[in-house]
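A.B. asks: Construct the complete structure from the given sequences, taking the supplied hints into account.
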Amino acid sequence: MLRLELPGAASLRAGVLLACACVAPACTVASQELQPLTPDALARTWEAERLPLPAPPLVTHAIVEARVARLVRESGGLVTSEVLGTSVEGRAIHHLTIGRGAKPVLLWSQMHGDEPTATSALFDLCQWLVRHRQEPIVARLLDSLTLHIVPMLNPDGAERFQRRNAQFIDINRDALHLQTPEGRLLKGLRDRVEPVIGFNLHNQNWRTSVGTPPQPAAVSLLAVAYDEARSEDPRRQLTKRTCSVIVEALRPLASGRIGRYDDEFEVRAFGDNITKWGTGVVLIETGPWPGPEPDRTLVQLNFVALVTALDAIASARVSNVDPSLYERLPENQSDLFHTLVMGGTVIPGTGVTPFRADVGIVGTRVVRQGPGGRVLQWQGSIQDVGDLRVYGALETVDASGLFVSPAYTAAAVGDEVSLPPGNATASTPRVVPGGPARLWLLRGGSVPDRYRLERIVDLP
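Numbering (mature numbering (1 follows the signal peptide of the UniProt record, and there is no 0)), first residue to last: -26 to -1, 1 to 434.
None of these hints come from the bench; they were simulated from the model.
Only a predicted model underlies this, so the values are computations on that prediction, with no experimental measurement involved.
No false leads were mixed into what you were given.
In silico DMTMM-like pairs for lysine to aspartate or glutamate, Cα to Cα no more than 25 Å straight-line:
1. Lys250 to Asp296
2. Lys250 to Glu206
3. Lys250 to Glu168
4. Lys77 to Glu56
5. Lys161 to Glu133
6. Lys250 to Glu305
7. Lys250 to Glu202
8. Lys77 to Asp296
C.D. replies: Right, here's the structure in full:
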């Protein structure tokens, strides 16, 4: 029998998981006969049963509170809730408990207020567990695990759609000083329940790429280190294997778009310190996705990842997974634009002679208050001009044979336009780094200095 010597109850439980349940209860033996749900089946289930929530950036603290109350009310006692405490500005921070198993698992989302994808996925996870509680795979999970879920750790930041809390402290860099009430509550919960594993759920920058040629890094994974040497013990073995389970689950849905997050030890960070305190942590960073409804797919990927990982832990299947599936993942880079306009002749509006160049536009999603409530918008700017063939993009525009200029007026596609003569003034748009992300793609006409407007590239 494999013996694992680790300090602390949580580390011992992690070791027992890695020992392939040599003293497994009868339910685990029976559960091994159950085939895990396939990624495609889980994706279809999510599509059919997902909760009718707004896009994650538009999910407010009030929506979270209403969803928590409804989930508890409709769960028939399966889900319980407590208020851990309050944020700087007095908003309640909720802790949901679901399951009756001996292995506690901690999942927390939105410690950065502008990183909301997993909050929606956690509610979908809870709803799925409640709805399917009688099915063998779900019953096994609930009998083996007890989930402790904090769906929104930083409600003040979420209200402003900003990373930091109302003190303007990054909660994820407050694990040692514990100057944020939100950080103190998270540490107190971890110390109280001593989880066998934790899931730290974030979003990453929309410039994050993976692979060559660069693809959007839809999900990046990290088995969090607990020291500068990046030592490996049963805690990290468990988290590496769990990351490999997620890789297996997501490859059919996001092939080539799964990355590995840098595992350098960060002495101030919660994930690193929670691992150091005895609970191995899996970091899931949700990244960019192309198309008009990226949030839909990104929430679905989170749901599939979490269900599959939890099922693997509950069934002890995680013990047989090859950790190299995670270790071989390419590491994240920042080689992604929102839009790449490729191969055009740039008339930059600065008075210089036109030249052939690509134009790279970056975008950030922002939440603004509109007349009918919160609205989600893109905020873009030109990041680079030149030979950008080594970069990727959510959208690539072929401008071969066309001229690329600033958009000077509110002209429509198909209009004939002329460009202003001479050099730009301080208020004139220009195709330069930092310039506005609104471009005209033009075809030269038979009349000098007159062009036909073929396309407008606009990321306001």
